[in-house]
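Peer 1: Using the hints provided, position chain B with the ligands relative to the given structure of chain A.
Residue numbers (the numbering used here), protein chains in the order written: chain A, 247 to 445; chain B, 2 to 395.
What the hints contain is simulated information worked out from the structure, not anything from laboratory work. Do not take every clue at face value.
[Stated by the list, open to error] Heads up, simulated BS3-like pairs for lysine-lysine below, C-alpha to C-alpha not over 30 Å straight-line:
| hint | chain 1 | residue 1 | chain 2 | residue 2 |
| --- | --- | --- | --- | --- |
| 1 | A | K334 | A | K286 |
| 2 | B | K160 | A | K406 |
| 3 | A | K268 | A | K296 |
| 4 | A | K286 | A | K296 |
| 5 | A | K334 | B | K160 |
| 6 | A | K334 | A | K411 |
[To be verified] Anything over 12 Å on all C-beta distances counts as not near chain B; from chain A, calculated:
| hint | residue |
| --- | --- |
| 7 | L261 |
| 8 | V265 |
| 9 | S269 |
| 10 | R287 |
| 11 | R300 |
C-beta atoms are modelled at their ideal positions from N, C-alpha and C, and glycine is treated no differently.
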Amino acid sequence: MYEGVVQNLIDELGLLPGVGPKSAQRIAFHLLSADPTDVKRLAHALLEVKEKVRFCRVCGNVAAEDDCRICRDARRDLHVICVVEESKDVVAIERTREFRGRYHVLGGAISPIDGIGPDDLRIRELMTRLADGQVTELILATDPNLEGEATATYLARLVKPMGVKVTRLASGLPVGGDLEYADEVTLGRAFEGRRLLDV
Amino acid sequence: MHVAHLSLTDFRSYESVELGLEPGVTAFVGPNGQGKTNLVEALGYVATLASHRVSTDAPLVRHGAARAIVRTAVHRDDRRALVELEINPGRANRARLNRSPVSRPREVLGLLRTVLFAPEDLALVKGDPAERRRFLDDLLVARTPRFAGVRADYDRVLKQRGALLRTASMARRGRRSAGGDAPGSHGDVLSTLEVWDAHLARHGAELLGARLELVEALRPLCEQAYAALAPGSGAATLAYRSTLSSELSSEFSTGLGITSDRAALTEQLLARLLEVRSSEIERGVTLVGPHRDDLILGLGELPARGYASHGESWSFALALRLAAYDLLRADGGDPVLILDDVFAELDSQRRRRLAETVAPAEQVLITAAVPEDVPSELAGVRFDVAEGGVARAG
Ligand SMILES: Nc1ncnc2c1ncn2[C@@H]1O[C@H](COP(=O)(O)OP(=O)(O)OP(=O)(O)O)[C@@H](O)[C@H]1O
Ligand SMILES: [Mg+2]
Ligand SMILES: [Zn+2]
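With the rest of the complex left out, here is chain A (with noise of 0.2 Å):
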């Protein structure tokens, strides 16, 4: 245990993701021998990132605005959405510039162990997004696990009467990753979710 303030720091540091408590530790002293202007950069960046981001009011995207940057941008695919669970999803799949519509997201997984029911996300904005018949297509992106599969049998279903055409992401192999060593399970599925090669 350290002087109060000093041990207070280490305690909310503790509680960011994958930093245990070695790490909170190592953090607060290397804050405490910075330089007082980082620090205070830091501070502010951590407190101006509270004051300033919002969530779009269309996808649930984070946004510095009420419409996010991809929301606003004229240029993308209006009859397209991709819904992911996060919004670090939609910037893994920007990267990959395969993606020219919108994004939907959602706001987590269904996870009855965690007490998150479909009312918890974002579903019943989506449904409104729908609702105008502008959008052919709906892409399910959320996590290959089994919580993300139920996310996405829940949302076909629940889109079906619709009409709107629905598909999932194929999980397949790591990209760069070895045949020879890819996990069993991943290689599993690969199988299952194969796809005609068309030549």
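Peer 2: Okay, now just chain B with the ligands, sitting in the frame of chain A:
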């Protein structure tokens, strides 16, 4: 296949031990409580990522140490794999293959395959259905490592679905005591329940179908093995009891009477789930699926459980392990046979028969408290285990 090297750090009673091993028979001999079983338990752990003695990892770490490390060199034909496991109780375990980290320990499953005979095996015959389900599922994983994922997914569906059922059950009770329809989303619970039903049926069908096929494959092998161990007694039979067919559930039967076709099983599971939905919500538990099934062991006309004598039960347990061994061997790659303290439990006839059956295996590891407990058919290398050390005799 055979294990050429075993190295333990802070595993059970061992602070550090290095052991060179050879194909053929190796016996670990020493007084009670000296660490013989600890050695073979470590090999079993590398093969299955679980101990045959305890269900949690904490007891595997040496008292006072933070983690245990098990390293093995496994030779199969002329290929060599170095498998390294770090056991961290309460945190994720880590694995390395040929000195490179793998993304999760599951990936090393199948590199070492063992069949372990132990005094605990008696529970296969006398114990709860969970013991027999574990026997089947462990064997599925040993034959097809992908089933580790199927099993984990199924367990996860059960947990999620159980949580939902408990919520629904509580809501129903609340509504009843409130004397009317409480606000809240009963329809919401039902629509998500359907989603979990679909996943339970799909993963459940895969597990169930594989178990049914496995039992079919084991049946003749187990009957043969039992006949060899205990000639002249009634036939050892296997039957699978599923929550799918209510006819089989109450009586003792040798037939399966259900298909192993995955699509058909999925449909049947879904239909049964609908039938029991109301009692599931009442009780807040999943009542249908392979997690409630059993492998029914029969001797002659009678079920083994509750009827078989102590010696008969032992022979049946050995027959199950031998059948598993035959099956794995037929798949290719002779698994490593581990016989922990089993000869002391058997009469001389069964001893000899078991020894004859296992002698041709590529590698056999035996533990025994006294040298006389190792049958003469299984003469080989001997290690003396005493006072926390392991030393080659002779
Ligand atoms: N986590 C642990 N830390 C330290 N010692 C342990 C740990 N787990 C078990 N032991 C010790 O290991 C010993 C048991 O070892 P083991 O089960 O291998 O014995 P054994 O040689 O097979 O004996 P037996 O002939 O009775 O079967 C016991 O003395 C026990 O106290
Ligand atoms: Mg022992
Ligand atoms: Zn947006």
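Peer 1: With reference to the structure, classify each hint as holding or not holding.
Peer 2: Now for the hints, and whether the structure bears them out:
In summary, the hint linking A:K334 to A:K286 is supported, as the alpha carbons are separated by about 26 Å, within the 30 Å threshold. With a C-alpha separation of about 28 Å, the suggested pair B:K160 and A:K406 falls inside the 30 Å cut-off, and the hint holds. Note on A:K268 and A:K296: the hinted pairing holds, with a Cα-Cα distance of about 27 Å set against a maximum of 30 Å. This hinted pair checks out: A:K286 and A:K296 have alpha carbons roughly 16 Å apart, not beyond 30 Å.
Of the supplied pair hints, the one linking A:K334 and B:K160 holds, its CA atoms being roughly 27 Å apart against a limit of 30 Å. Note on A:K334 and A:K411: the hinted pairing holds, with a Cα-Cα distance of about 25 Å set against a maximum of 30 Å. With 12 Å as the threshold on Cβ separation, the claim that A:L261 sits away from chain B holds: the shortest Cβ distance comes to roughly 18 Å. No Cβ of chain B approaches the Cβ of A:V265 within 12 Å, the least distance being about 15 Å, so the stated non-interface status holds.
No Cβ of chain B comes within 12 Å of the Cβ of A:S269; the nearest lies about 14 Å off, and the non-interface call holds. Every CB of chain B lies more than 12 Å from the CB of A:R287, the least distance being 34 Å, so the non-interface label holds. Remark: the non-interface label on A:R300 is consistent with the geometry, its nearest Cβ contact in chain B lying 28 Å away (cut-off 12 Å).
Violation of the numbered hints given earlier is absent; every hint is satisfied by the structure.
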